[in-house]
Amino acid sequence: MNTGSKRLSLIANHLSSGTKHSLSTNTVTASTAKKETFRSKDDYKYFLSIQTRWSDADVYGHLNNSIYYHYFDTVINDYLIKHCGLEPNRQDKKKPIGLVVASQANFYASANYPSVIHAGLRITKIGRSSVTYRVGIFEAESATACVVGGFTHVFVDPESRRPIQSLPEIYQNGMEKLL
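The sequence shown begins at 1 in this note's numbering and counts up by one.
Because the hints were derived from the structure by calculation, they are not lab data.
Hints should not be assumed to be uniformly reliable.
[What the hints assert, rightly or not] Think about it this way: if two alpha-carbon atoms lie no more than 27 Å apart in a straight line, the pair counts; the simulated DSSO-like pairs of lysine-lysine are:
{"no.": "1", "residue 1": "Lys125", "residue 2": "Lys45"}
{"no.": "2", "residue 1": "Lys125", "residue 2": "Lys82"}
{"no.": "3", "residue 1": "Lys93", "residue 2": "Lys82"}
{"no.": "4", "residue 1": "Lys94", "residue 2": "Lys177"}
{"no.": "5", "residue 1": "Lys177", "residue 2": "Lys82"}
{"no.": "6", "residue 1": "Lys94", "residue 2": "Lys82"}
{"no.": "7", "residue 1": "Lys94", "residue 2": "Lys125"}
{"no.": "8", "residue 1": "Lys125", "residue 2": "Lys95"}
{"no.": "9", "residue 1": "Lys94", "residue 2": "Lys41"}
{"no.": "10", "residue 1": "Lys95", "residue 2": "Lys177"}
{"no.": "11", "residue 1": "Lys95", "residue 2": "Lys82"}
{"no.": "12", "residue 1": "Lys45", "residue 2": "Lys177"}
{"no.": "13", "residue 1": "Lys41", "residue 2": "Lys177"}
{"no.": "14", "residue 1": "Lys41", "residue 2": "Lys125"}
{"no.": "15", "residue 1": "Lys41", "residue 2": "Lys82"}
{"no.": "16", "residue 1": "Lys94", "residue 2": "Lys45"}
[Said to hold, decoys possible] If you anchor each label on the Cβ, the simulated ranges turn out as follows:
{"no.": "17", "residue 1": "Ser40", "residue 2": "Pro168", "range": "30 to 36 Å"}
{"no.": "18", "residue 1": "Ala109", "residue 2": "Trp54", "range": "39 to 45 Å"}
{"no.": "19", "residue 1": "His83", "residue 2": "Gly61", "range": "32 to 38 Å"}
{"no.": "20", "residue 1": "Asn173", "residue 2": "Lys41", "range": "23 to 29 Å"}
{"no.": "21", "residue 1": "Thr144", "residue 2": "Asn173", "range": "29 to 35 Å"}
{"no.": "22", "residue 1": "Tyr60", "residue 2": "Lys93", "range": "40 to 46 Å"}
{"no.": "23", "residue 1": "Asn89", "residue 2": "Ala109", "range": "34 to 40 Å"}
{"no.": "24", "residue 1": "Arg162", "residue 2": "Trp54", "range": "18 to 24 Å"}
{"no.": "25", "residue 1": "His83", "residue 2": "Tyr60", "range": "32 to 38 Å"}
{"no.": "26", "residue 1": "Ser55", "residue 2": "Ala143", "range": "25 to 31 Å"}
{"no.": "27", "residue 1": "Asp157", "residue 2": "Lys177", "range": "36 to 42 Å"}
{"no.": "28", "residue 1": "Arg162", "residue 2": "Ile81", "range": "38 to 44 Å"}
Positions of the beta carbon are idealized from the N, C-alpha and C atoms, including for glycine.
Required output: the full structure, derived from the provided sequences and hints.
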């Protein structure tokens, strides 16, 4: 097994362990959102408006399905930068980095160009070194998501690429606000 396969195996084992840890005295609990869909704006706690671009549209006149993953990444990293102390251009190369180990999306309707979409964010699980995000994409003033998806980050040491022992307190504190 090569080094990359070993890392993925370790991360997969970590994710399947289901262990929940918290640096705070509060117990980390799962979301109270409607688990089956997460389609309501009420299911989300943080929003970012994003202007669609001409290049986001495909030959069928709607946003290409791959573009939604850019929107997921955008709202998640916007939150991590503003509320969890993520510093993408940092000089300190010792801080953990988040690797996407799982992603998914369910498509219920299409969004179009030109429009402003609203990306809603919540967190459904915080683990020892991982976090699972749920993102809803809402077109215009719609209260129902046209796309629901998200991904899981595993935070790793930047040199060894091994999962860290626990999330930094500033990350944990910011993330718990979205549970």
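Each hint, compared with the structure:
no.	hint	verdict
1	Lys125 x Lys45	holds, 14 Å
2	Lys125 x Lys82	holds, 20 Å
3	Lys93 x Lys82	holds, 19 Å
4	Lys94 x Lys177	holds, 25 Å
5	Lys177 x Lys82	holds, 13 Å
6	Lys94 x Lys82	holds, 20 Å
7	Lys94 x Lys125	holds, 25 Å
8	Lys125 x Lys95	holds, 21 Å
9	Lys94 x Lys41	violated, 37 Å
10	Lys95 x Lys177	holds, 22 Å
11	Lys95 x Lys82	holds, 17 Å
12	Lys45 x Lys177	holds, 8 Å
13	Lys41 x Lys177	holds, 16 Å
14	Lys41 x Lys125	holds, 19 Å
15	Lys41 x Lys82	holds, 21 Å
16	Lys94 x Lys45	violated, 30 Å
17	Ser40 x Pro168: 30 to 36 Å	holds, 32 Å
18	Ala109 x Trp54: 39 to 45 Å	violated, 20 Å
19	His83 x Gly61: 32 to 38 Å	holds, 36 Å
20	Asn173 x Lys41: 23 to 29 Å	holds, 25 Å
21	Thr144 x Asn173: 29 to 35 Å	holds, 31 Å
22	Tyr60 x Lys93: 40 to 46 Å	holds, 43 Å
23	Asn89 x Ala109: 34 to 40 Å	holds, 36 Å
24	Arg162 x Trp54: 18 to 24 Å	violated, 42 Å
25	His83 x Tyr60: 32 to 38 Å	holds, 36 Å
26	Ser55 x Ala143: 25 to 31 Å	holds, 28 Å
27	Asp157 x Lys177: 36 to 42 Å	violated, 25 Å
28	Arg162 x Ile81: 38 to 44 Å	violated, 24 Å
Consistency with the previously given hints fails for numbers 9, 16, 18, 24, 27 and 28, ordered from lowest to highest.
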